[in-house]
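A.B. asks: Taken in sequence, the protein lines are chains A and B.
Counting with my numbering, you get residues 83 to 331 for the letters of the first sequence.
Counting with my numbering, you get residues 53 to 177 for the letters of the second sequence.
Honestly, the hints are just simulated from the structure, not real lab data.
Note that the coordinates shown come from a computational prediction; the quantities given were computed from them, not determined experimentally.
Hints are not guaranteed to be accurate.
[As the list claims (entries may be wrong)] Distance ranges between label pairs, derived from CB positions:
#1 A:Thr296 to B:Ala116: 56 to 66 angstroms
#2 A:Asn264 to B:Thr171: 41 to 51 angstroms
#3 A:Asp94 to B:Ala104: 25 to 35 angstroms
[What the hints assert, rightly or not] Which bits of chain A does chain B cover? Going by a derived footprint, with three or more residues having C-beta under 8 angstroms, they are:
#4 159-167
#5 174-182
#6 226-232
#7 238-249
#8 271-280
For every residue, glycine included, the Cβ atom is placed at its ideal position computed from N, Cα and C.
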Amino acid sequence: MKIAVCLRRVPDTTTKIVIAASGTAIDESGVKFVPNPYDEYALEAALAIKEKTGAGETVVVSLGADNVQETMRTALAMGMDRGVHLQGTASADGLENARVIAAHLRDGGYDLVLFGKLAVDDYGQQTGAMVAELLDLPCATAITKLEIADGRASVEREVEGGVEPASCALPAVFTCDKGLNNPRLPSLKGIMAAKKKPLEIVPVTPGAGATRITALALPPERAGGRIVGEGAAAVPALMQVLTSEAKVI
Amino acid sequence: MTAILAVLETRNNMLRKGAAELLAAARRCADASGGTVDAIVCSSVPVAGIEALGAAGADRVLSAQHADFANYCPDGIVATVTSLTPAYRAVFVAATATGKDLAPRIAARLGSACAMDVTAVEASG
């Protein structure tokens, strides 16, 4: 089994986001970047499959500037065999990025291509399924179960009010959701080994695409709470507020 | 003029809730430029309730029937939607697990941009 996992570098989810002076990007100064959490499920799935089958190759693929290499090293420290850095500036248009990734994967001989179901920075939720479509491969998004046997994959995906099982022949593309597994942490030995693992650099030029980010805005500030009183004595005032102001009862 | 296609979801050959909301959004967007809204429903047998979709905002309802549409069949839906001519200026799907599965595939097949979890949309030109 030859497995590719596409990995995105994203701000740590606890980051307090500040919008840059340009108004169309975030201020990256002082921001800690981490592997996209959903991509970690994909990495773990790839590593588990290789361990189970005892053969094959796991490749981490990232598109972006040189700083993605640091994030890729984390994946290599988890146990991925090698990395391919698609070196270039990612487009705001998901399809342009998908085209670059698909072009690289097309002749790679991969049996399985895994993504996270979304990247927690822009919540684009499209690259994986687009790559599958561009490569004309079967695809299931947001999977919570993955089993490989006899050249076929069986998956489950959670939908509103149910679980959708599906199966297909390999090669295939899946995007991974929380619940698929528990991603491992890099071991000290893994971190040392990662420094020596091969990381190939492939220059790419994603097109500008049709999508432009015209402005970013922070979510509206939440209004502060209000204490209407204490104990049983507050009940009439609270009832008054709930019925006439909040209109919830 | 904006010709919009709204892809409505079915489950067990029933329309899923949210169809009216999706059609309303498509209708608003189309009306701003004197456009049209078609709704497409993929199922394996006739779906009850599609005759009410006109009142919900659809100018036309396309019913695509195939045995494979008894369960969710993304490849079939993508092939059906992208084979329609003349091409639509925009395709609307609900931001559900199914819609999010379909939207990027339709976009990739059409070579179009895709936006997810949209809360407001406006067409110009």
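A.B. asks: Each hint should be assessed against the structure and marked as holding or not.
C.D. replies: Here is how each hint holds up against the structure:
no.: 1; hint: A:Thr296 to B:Ala116: 56 to 66 angstroms; verdict: violated (36 angstroms)
no.: 2; hint: A:Asn264 to B:Thr171: 41 to 51 angstroms; verdict: violated (33 angstroms)
no.: 3; hint: A:Asp94 to B:Ala104: 25 to 35 angstroms; verdict: violated (48 angstroms)
no.: 4; hint: 159-167; verdict: violated (count 0)
no.: 5; hint: 174-182; verdict: holds (count 4)
no.: 6; hint: 226-232; verdict: violated (count 0)
no.: 7; hint: 238-249; verdict: holds (count 5)
no.: 8; hint: 271-280; verdict: violated (count 0)
Hint compliance for this structure: hints 1, 2, 3, 4, 6, 8 are broken, all remaining hints hold.
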